[in-house]
Amino acid sequence: MLIPFSWLSEYVDITLPPDELAHRLTMGGIEVGDVITRGGWDGCVVGYVRATRPHPNADTLTLCQVDPGDGPPLEVVCGAPNVAAGQKICFARPGVTLLNMHTGRREELKPARIRGIVSEGMICSEAELEISDEHEGIIVLPDDAVVGTALDDVLGDTFLELELTPNRGDCLSMLGVAREIGAITSQQVRVPEISYAESATPVSELAKVSIADPDLCLRYTASVITGITIGPSPHWLQDRLTRAGLRPINNVVDVTNYVMLEFNQPLHAFDLDTVTDRHVVVRRATDGEKFTTLDEVERTLNSDNLLIADPAQAIGIGGVMGGANSEITPATKNMLLESATFHNLNNRRTSTELNLRTEASLRFEKGLRPELAPIALRRATRLILETAGGEAAAGIIDVFPAGDEPVTPVPLTVARLRQLLGMDLDIARAESVLGSLGITTRRTSPDSLEADPPYWRSDIAIEEDLIEEVVRIIGYDEVPTTMLSSPIPYHQGNAMTALKDQMRDALAAAGMQETISYPLVGPDDLEKLNRAGHQPKSLLRVANPMSAEQDVLRPTLAASILNTLAYNQGHNDGGFRLFELGRAFIPQDSGLPPNLSPSSLLPPSSLPPSPLPMEQELVAGVMSGPRYDANWLSGSDSLDFFDLTGTLTTSLDRIGITALYQSADGPLFHPGRCASIAVAGPQPVDVGAVGELHPDIREAFNLGADPVIYFELRLHDLLAATQGDGSTENRFQSLSRFPAANRDLALVVPENVPASQVQCLIERVRLVEQAELFDVYSGENVPEGARSLAFRIRFRASDRTLTNEDVNRALNGLTRVLEREAGATIRG
Amino acid sequence: MTNFRALTRRRAAAYNFVPTIVLQNAIVSQPSVESPSAASIATLTNQALKELDAVSNPDGAEQWRVSYLGRRGQITGVLRSIPQLEPEQRREVGAQANQAKNALEEALARRIRELSEAKLAAAGALDVTLPGRPVITGRLHPTTQIVREICAAFIAMGFSVVEGPEVELDHYNFEMLNIPSGHPARDMWNSLWVDYVNEEGQQPMLLRTHTSPMQARVMEAQDPPVRVIVPGKCYRYEATDATHEWHFYQVEGLAVAEGITFANLKGTLYEFARRVFGPDRQIRFRCDYFPFVEPGVDMSISNFVDPATGKRPINRDEDWIEIMGAGMVHPRVLEGVGYDPQRYTGFAFGMGPERIGMLKYGIDDIRHFYRNDVRFLRQF
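Which chain is which? The protein sequence lines are A and B, in order.
Per this note's numbering, the very first residue in the first sequence carries number 1; after that it's consecutive.
Per this note's numbering, the very first residue in the second sequence carries number 829; after that it's consecutive.
The hints are simulated quantities; they were obtained by calculation from the structure and are not laboratory data.
The beta carbon of each residue, even a glycine, is placed where N, CA and C say it ideally should be.
Heads up, a few of these hints could be off.
[Claimed, not checked] Cβ-to-Cβ under 10 Å is the rule here; a few derived chain A residues that face chain B: (1) Ser132; (2) Arg416; (3) Asn568.
[Stated by the list, open to error] In silico lysine to aspartate or glutamate, EDC-like type, Cα no more than 20 Å apart, as pairs: (4) Lys1061/B x Asp551/A; (5) Lys1061/B x Asp1147/B; (6) Lys290/A x Asp304/A; (7) Lys500/A x Glu991/B; (8) Lys1188/B x Glu1099/B; (9) Lys1061/B x Glu977/B; (10) Lys1061/B x Asp501/A; (11) Lys208/A x Asp271/A; (12) Lys1188/B x Asp1145/B; (13) Lys500/A x Glu977/B; (14) Lys208/A x Asp273/A; (15) Lys1188/B x Glu1146/B.
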């Protein structure tokens, strides 16, 4: 919304510098996005074109004799097609700094020889004055402009560009903004005159209005003016509309627009002679009803759309746009002027459905008060009589089905002010602030008042609204700044939130970089993962995606993190260790596991039955590329499966979890290079998978030649597993005072026996404190189908120093167990 | 062997004045033919030190020791000859000889240490400027770090962290926040709707446009007092540019109890800003509109000038940068969850961590955050 000071100052004096005013308005909730100054054309004056003749050497140029007001006429070359003798124009003499249309820079205007004739100045278009981009024609000033007057005084202006919040539709009007300024600068606004001379004919004899659907049309007021003459508006009216950004059309339409910008009430003028029976019927459209709006577009309506009609046909869409069949034309003699109040949400719905946001609907959708309609109606009728002549019928039509219901006053007490603001404000101060906003108040007790919501504000309904009015005008700075003193609620930390933080810290400490990506993926992404035809059972999609590549709520983090890896491989060298914590979305119809309902985030009682999907908390990660950047100490081997399992083991250990890996299969993984991850415990719980990405998927995501190792852990399962036996709770283990005895043991084990099984067997033996696998070998001296596993085994007792015999006995027992359970033999 | 030698030396010292030894010494030790004098001791000492300087290995040092300080060494000889001096010379020369002995012993010890250090140094000097062995560390995403910092500021003020669903019901995302269906205020939150139609023909699910729906969810689940912050992802149907992302984080806050005031809101948010931005930035509160608060507040912070460049990295033309919307919880929101709005009051606020990060670190484009270029991520 553009607010020109030249117009605004009709209602209120501008007593503050523009920037200061903008600041004060902004602080009070009317945000001024920009203060635009037009002018500063030093040396430009109103000139008068005395005579013109064609340029002797150019067909498109005109030689003009321009009277600058303070000296002899000057000869000026002008290229505009609309220049003519007798015009008042914007004249720039040499020496003035103006925008040079050819260079795009501001430059000093110099006398110039144009096709052999020296031009002693320039007649300006809007472009040179930087009013608009219009440079085809020159600006023609009104005839009453005084020659020689500085142009700044004629065309200069200051504009406020407002960025309004949806509750302050009232400031889509000059009076609304003027009232704000009045409150800030302690002035009453000047409300324009709305009375007019009425003819003897009662309006009821000339037209009739019925509201068939009073739920959608709260009030309909109308006046009838007969014998009007349609023509262009007077200059002042055109000028104001233009400055506010509207295009002048004719005197009647311009007045409706003018009053809309003045009072915020949209109005519509019908050619009364096109209205069948001179009877306006406000009704719902029938489903499928067709109607052609002013913009000559035929629109199909439904029964939620409100029509202005006559008994025969529709003549307008209520509060959105009129119809071509009833519009004001140059031939119009008699008119009906509508000023109505439509249901705001219905109006918004209609304009949204029709994709037809108009100046009218913009105002109606924010809610207008029915009290405003007749005021604006009278104002517009008055101005139409002034600009288009004619006679206004006596009285107005006013159909107001709920008109009998009194407007509820809004109370305000000192106690509530104190309770809400935390400061003492006496009622007199509140009264005076509300008064400055034009709000009528009455004392109901020494410490309370009631206020009538003013007809121009639709956002004042409850006590808190009044409190905001008071405090925003006083200024938020005046409210004290104090710390909370109410009791701190007891808080039992959220275990999932804690686990996520621990997981992030542990992975970052182990060398992984955290990433965060969009949870929407595209069908392409899922297709790339879908190597083995494992399409998720059902997917959740976005109804209005911003692009086809982002229309599915991801069922896994794999695509996200692989895309992140691919992006980085494209932009950076080196190895990558990336992880992301995020949610995957699984629709309810895919059968949620019981521990994975959305309510796992919340106390179960708080959720009504709902269609919300499961939001599965996952952590996923990848490693790929050289283990280290090029360096002189370490080799440049590629990161492999064991880099990632080592990282995971360390990270999980840091949060008190012992990870177990078991050979597994998965559609994402290279056959034979995938493990399930389980939390060790009496009953190991499966929590995820890790493995080398299947080469087909690696290629599908364009991931280079190095192996890509991927893991995904389900945090809900991880949480359940750890809370099951409290294994994450650290318990102190006393340190043995007695020395350990180490023995190295090389075993020949059948190839199909996993190393972890052998380790488990060893660690289960009494006196064994720890076993570390330090060598894996197959080849010479090891039989076919077997491999050698070498362990360093640490024996220790908590109550004594072990003797050689103790250790040997334990070793013998160990050997027997390994032979029996794993087919292992000691390597000779 | 070593032990034995040390023992004999100690004995020799203890029996310094045994005449037979003196006699032997007098015979072998040529310089002692002349009676020792201050001058001769000084000469001898200088000569010894000079020789010691030339010693280049432990064997040489041992030879030197034997030659000067050994049982038959020259200084030892001088000491032994002292009893034969005139009594008036004895004291002076004796003292000087002892001094010389101590000095040489010290010099020897020093020389031996020097030689062993030199040997260590020669054995394996490093080019200490070579790069160290690489250790891989990871970092947290900047958003995670900022969210944590924001949360920490509020946790210190008694708030606790809760999270909520990212796919939300219209009911919580809008209705319970005093934003009825069709309300023009909904334009403030262009939404991504989930492709799901319920039995009533409505599309009830969307990607939450803010973390504010947790206000209602938290209050439904517990009685006052409430003091929570809600970090999490939010989504809007919005074109992306340097300052807009369709996917972003928000940290929502809510405090409801008896006696909570607008003044508390100011105090809490002021304290937050001071913790996160430091005491030098200015804070401004002005009136703003959000349907779920009344009065509504916009909190802005004075724009940041990079001391290195003297320029503002973001929003160059603006003195104030909005960082947070806030306000007193609207009575209708309280009523909706069954709280008595006459008894309980509270405030709510919401902020964007990315924007705060941009201000804090001078990041000029929000799109860096979720492009996940490690060159960006590793800067934090």
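Okay, the hints, checked on the actual structure:
Hint on Ser132/A is violated. Least Cβ distance to chain B is approximately 23 Å, over the 10 Å limit. Annotation: interface hint on Arg416/A holds; nearest CB of chain B at approximately 8 Å, less than 10 Å. Taken as an interface hint, Asn568/A checks out: its beta carbon lies about 5 Å from the nearest beta carbon of chain B, inside 10 Å. At roughly 17 Å between alpha-carbon atoms, Lys1061/B and Asp551/A fall within 20 Å of each other, so this suggested pair holds.
A C-alpha spacing of about 29 Å is found between Lys1061/B and Asp1147/B, which places the hinted pair above 20 Å, so the restraint is violated. Our distance criterion of 20 Å between C-alpha atoms is met by Lys290/A and Asp304/A, whose separation comes to about 14 Å. For the hint pairing Lys500/A with Glu991/B, the CA-to-CA distance comes to about 12 Å; that is within 20 Å, so the pair holds. A hinted pair counts as satisfied when its Cα atoms are at most 20 Å apart, and Lys1188/B with Glu1099/B qualifies at roughly 16 Å.
For the proposed pair Lys1061/B and Glu977/B, the alpha carbon gap of about 16 Å is at most 20 Å, so the pair holds. Distance check on the hinted pair: Lys1061/B and Asp501/A sit about 16 Å apart at the alpha-carbon level, within 20 Å; holds. Of the pairs offered as hints, the one joining Lys208/A and Asp271/A holds, with about 14 Å between alpha carbons and a cut-off of 20 Å not exceeded. For the proposed pair Lys1188/B and Asp1145/B, the alpha carbon gap of about 17 Å is at most 20 Å, so the pair holds.
The hinted pair formed by Lys500/A and Glu977/B meets the criterion: a straight-line CA distance of about 16 Å does not exceed 20 Å. Among the hinted pairs, Lys208/A with Asp273/A is consistent with the structure: their alpha-carbon atoms are about 13 Å apart, no more than 20 Å. Restraint check for Lys1188/B and Glu1146/B: the C-alpha separation of about 16 Å stays at or below 20 Å, so the hint holds.
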